[in-house]
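Just so we're aligned, residue 1146 is where the sequence shown starts under the working numbering, counting upward by one.
Bear in mind the hints are in silico, worked out from the structure with no lab data behind them.
Here the structure is a predicted model, which means the values were calculated and not measured.
Everything hinted at is true.
In silico lysine to aspartate or glutamate, DMTMM-like type, Cα no more than 25 angstroms apart, as pairs:
#: 1; residue 1: Lys-1186; residue 2: Asp-1236
#: 2; residue 1: Lys-1260; residue 2: Glu-1195
#: 3; residue 1: Lys-1276; residue 2: Glu-1195
#: 4; residue 1: Lys-1186; residue 2: Glu-1234
#: 5; residue 1: Lys-1147; residue 2: Glu-1245
#: 6; residue 1: Lys-1232; residue 2: Glu-1181
#: 7; residue 1: Lys-1210; residue 2: Glu-1245
#: 8; residue 1: Lys-1191; residue 2: Glu-1273
#: 9; residue 1: Lys-1210; residue 2: Asp-1161
#: 10; residue 1: Lys-1211; residue 2: Asp-1148
#: 11; residue 1: Lys-1226; residue 2: Glu-1194
#: 12; residue 1: Lys-1191; residue 2: Asp-1148
#: 13; residue 1: Lys-1210; residue 2: Asp-1236
#: 14; residue 1: Lys-1276; residue 2: Glu-1234
#: 15; residue 1: Lys-1186; residue 2: Asp-1148
#: 16; residue 1: Lys-1147; residue 2: Glu-1273
#: 17; residue 1: Lys-1211; residue 2: Asp-1236
#: 18; residue 1: Lys-1147; residue 2: Glu-1234
#: 19; residue 1: Lys-1211; residue 2: Glu-1159
#: 20; residue 1: Lys-1232; residue 2: Asp-1269
#: 21; residue 1: Lys-1276; residue 2: Asp-1236
#: 22; residue 1: Lys-1232; residue 2: Asp-1148
#: 23; residue 1: Lys-1191; residue 2: Asp-1236
#: 24; residue 1: Lys-1186; residue 2: Glu-1273
#: 25; residue 1: Lys-1191; residue 2: Glu-1176
#: 26; residue 1: Lys-1186; residue 2: Glu-1176
#: 27; residue 1: Lys-1232; residue 2: Glu-1273
#: 28; residue 1: Lys-1226; residue 2: Glu-1181
#: 29; residue 1: Lys-1210; residue 2: Glu-1242
#: 30; residue 1: Lys-1191; residue 2: Glu-1181
#: 31; residue 1: Lys-1147; residue 2: Asp-1269
#: 32; residue 1: Lys-1226; residue 2: Glu-1176
#: 33; residue 1: Lys-1226; residue 2: Asp-1236
#: 34; residue 1: Lys-1260; residue 2: Glu-1273
#: 35; residue 1: Lys-1211; residue 2: Asp-1244
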Amino acid sequence: MKDHQIQVRVRYSETDQMGVVYHGNYVPYFEIGRVEWLRNKGISYKSMEESGIALPIVSMNINYKKSARYDELLTVHTTFKSQSSVKIEFDCAIYNESDELLTTAQFILVFLSLKTGRPTAPPDYILELLKTIE
1146 MKDHQIQVRV RYSETDQMGV VYHGNYVPYF EIGRVEWLRN KGISYKSMEE
1196 SGIALPIVSM NINYKKSARY DELLTVHTTF KSQSSVKIEF DCAIYNESDE
1246 LLTTAQFILV FLSLKTGRPT APPDYILELL KTIE
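Given the sequences, and given the hints that come with them, work out the whole structure.
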C-alpha cells in the first residue's frame, strides 16, 4: 500500500527536436504520480486544498539515467517513504515500456496552511492513513 503506479504517455510538446523529453518535464510526471498516490488512498488533493491545506515541494532530487522519448508509455512509481511533523517524503521512479529505469527522484513536501502560509500538522485523516501504511 506504500506504492502506487500510473502510466503516462509522452506527448510531442514535452520533447525536443530529437524526440527526447526535456528534463523539466519529468517534474510534472512525478506530480501526477504523487497526486494519484493520494487519490488511490482515498484522498483528493483538490479537497485537501479546499479544506485549507496545500503540499508544496520544499526539496527534490532527480537523477536522470536514460532519456524518455516521444510516444513512449511511461510508468511512474511513487512510494511513500516517511512522514514527520509537517513533512512527507516520497521516492519515485520512471520506467519505459521495456521496463528500463529512466529517472529516480526523492521529494520532500510540507503540509502548509493556506490561511496562514505556514507549515502545519497534517490533517487527522492523513495521519490515520499513514499509520496504516508505515
